[in-house]
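Asker: Protein chains in written order, with numbering that gives the first Met the number 0: chain A, 0 to 351; chain B, 0 to 351.
These are calculated hints, taken from the structure and not from any lab test.
Take the hints with a grain of salt, since some may be wrong.
No copy is singled out in the list; a pair is fine if it fits within one copy or between any two copies.
Said to hold, decoys possible - Taking lysine-lysine and the DSSO-like style, the derived pairs with C-alpha atoms no more than 30 angstroms apart in a straight line are:
#1 K138 <-> K256
#2 K40 <-> K258
#3 K258 <-> K21
#4 K256 <-> K321
Computed from a predicted model, the values in this text were never measured in an experiment.
2 protein chains.
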Amino acid sequence: MSRYWSKLVQQLSPYVPGEQPKIANLVKLNTNENPYGPSPKVIAAIQAELGEQLRLYPDPTSTQLRQAAADYYGIQAQQVFVGNGSDEVLAHLFNALLKHEQPILFPDISYSFYPVYCGLYDIDYRCVPLAEDFSLNVKDYVQGNGGIIFPNPNAPTGRLVSLTDIEWLLQHNTDSVVVIDEAYIDFGGESAVKLIDRYANLLVTQTLSKSRSLAGLRVGLAFGHVDLIEALIRVKDSFNSYPMDRLAEAGAIAAFKDKAYFESTCNKVIASRQHLTEALTALGFEIQPSAANFIFARHPQRDAAELAAALRGHGVIVRHFKLPRIEQYLRITIGTSEQNNILLAALQIILS
Amino acid sequence: MSRYWSKLVQQLSPYVPGEQPKIANLVKLNTNENPYGPSPKVIAAIQAELGEQLRLYPDPTSTQLRQAAADYYGIQAQQVFVGNGSDEVLAHLFNALLKHEQPILFPDISYSFYPVYCGLYDIDYRCVPLAEDFSLNVKDYVQGNGGIIFPNPNAPTGRLVSLTDIEWLLQHNTDSVVVIDEAYIDFGGESAVKLIDRYANLLVTQTLSKSRSLAGLRVGLAFGHVDLIEALIRVKDSFNSYPMDRLAEAGAIAAFKDKAYFESTCNKVIASRQHLTEALTALGFEIQPSAANFIFARHPQRDAAELAAALRGHGVIVRHFKLPRIEQYLRITIGTSEQNNILLAALQIILS
C-alpha cells in the first residue's frame, strides 16, 4: 500500500492464474493448454513475418486476422474483434457492454476472472447458482440484469449448454447483452457464432489458447453485431492502438486457415478425454460430463486438496480451487496419452 | 451508437494513431519507427522460441524480461514493469497512479493519448502551456495536482528537459506521482531511471518501439519504486494475466542484451537527424531542437497541411496535427539517408 495508489488499486483483488512452473519435466495438467503444439503452418507463417519489418507498427485494425476469422465462420470482418488474449477481450467488453445500472449475472461456479473485472470497472454483479448437478438452467437468468455472461462449456465444470437453450435465453433477454464465452467450444460444443446475425445483443468470445494450441501467443476474439464490435473498438482505441503484434497476427491467421490440423488435434483431445474419463471412473472418481479439454472430477473417499498435493509429489500438477461447492473437485487438463498414463499410474499408487 | 453501449463508450473520444499505409513503396516518415531493423540477435532469440512451446502460456510475471531490463540499468527486477507496448503501460498507470481528487497536469502540446486515457478512466486534467518557443518550464508544474506526466523529449516537439530540471521538480512535487514518458530518450537524452532509487514518486516509462526497432512486437516498460510497480501489477492482474507473449518476451530480452547494435543504430539516427536538420534549414524550414528520432519543422511561407499533402503526392508521408499552436508544423521521422534524400528532393520540387 502506498499513498500514491489510486483508490481503485487499494480495493482490487486481482486474478490469480494457474501456476506456470519453472521446473522442467512436470506433467502440467493445470492450465488447460493443448498437449499438442500449434500447426506447422502457424510456425511457418510466423517465420515468414520474422525479420526487418518488426521495426514497423502492426496494422492497428488487424484487418487480415479479422478477415481470416470471419472467413472461417462465414461472417463479415466487421463482426469480429481481436485482442491480446481473450482475457483482454473480456476486460474490454465488461467495460464497454456490461457496465449499466443493473447488476450483471453469471453462474456461481464459473471463470473466476469475471468478479475481478467487476472490481476493476465497478460493476455490480449477482451470481446465479448452478443446479445441484452443476447444470446451468437458462431460465434462471430471466430476471432484471445489466448483462449476462457464462462460459460454454462452463469452466471449471466442463458442462455444455445447448444452442437451443442459448437461443431461448436470447429470445427472453433482449434488453441487455448476452456474452457466451467459448474458450473451450471446439472440444465438443457447437458455436453460437452462427446466431450473431439474428440476435443483436449476442456477443461470443473465443481464444486461440486452447483448441488452436497458441496460449503462448495471446490471441482472443469476439464475434457479434457490428454495433457491439464498434463498442469494443472504441474502448480498445482508448487503451492501446496496437494490441496485436505482427507475429501473433501472422500466426493467428495461419491457425484459422489450417482447418485440417485443428480438427485433427481437437479429435485427439476428445478421444483422450473419453479414455481418461473411463479410466478415472474405474479408479472410483465421479466425473462431470465434459465438452472441454479438461475434466472436473471428485473422489468420494479422498480429499481433493490432499490428492492435488499428492499428485504434485509425483510430478503431476492439476488445478484445485478452494471455493464453495467445488473444493472437493480437481480440474484435470487432458494431456497426451503418455501424460494421462503418468497421471493414472500416480493415482493408482496414491489411492492404493 | 447502440442501446447496449455503456455510458462510457458513448462518451469516449478514442486516439487516432498515425496512418499505417497498405500501399508499398511509400517513404513512411509519419509514425517515428526506426529506419533500421532490429538486432539480428533479436531475430535469433525469437527463432529459438518459435516452436512447440507456443502451446504453453508465457510466464505471467515476465521475470526474465524484467531482469534483463533491470540489468541494463543496474536496478532490481522488482523495480520494472512490462506491458504490451508503452500505450498499455500508460493506460494502467493512469488508472493505478494518476486517478485522484485533483486534476493531473501535462503540457498543452504533448502526446495526444494522455487526454484519451483521462476520458477512459474519468480523470480530470489541466493542460500546462509550453513557453512560446515550446520549451517546458518545470516551475509551471508546482501547483496542486493529482499527478504530472510529460514525454521527455517531448512529442511532437522533440525538445528535451534536463535531468537537473526533472530532479528539481521531484523535490518540489512530493505529494503525487511524476511520470517521465521516455519513448524517445535514447536519441540524445539522459534517462531518469537513475533517479528512481531516490524519488519514491518517480515513474519512468519506455518502449522498445523506437530506439530498439521493435514497434511490430509491442513491448513497453515502466521503472520506479517497488510500491509503484506493485500498483501496476495489481491493475494488470485484474485486466489480463498474460499480456506479454512468448515471442515478444524472447525478442525483448535479446534487445536489452545487444547493447552494441542498439548504440550503433541510435548513433546513425542521431547523425541523420543532424544532416536532415541542416538540409531542411537550407530549404527555409524552422526546426525545433530535437533529441528524438523525429524533427518538428515549419516553413514560414508554406501551409503545413498543404506541404503534407504535396509530400504524399510524391510518395512521402509525414505527420501533421490539426491542433492549436502546432497546425503549421510537420513532424518528420528520421529515415535512412536514402529516405531522407527522397524527402529533400520532393521538398525541393514542392517549394520551387
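Asker: Enumerate the violated hints, using their earlier numbering and listing them in ascending order.
Answerer: Violated hints (numbers, rising): 1, 4; every other hint is consistent with the structure.
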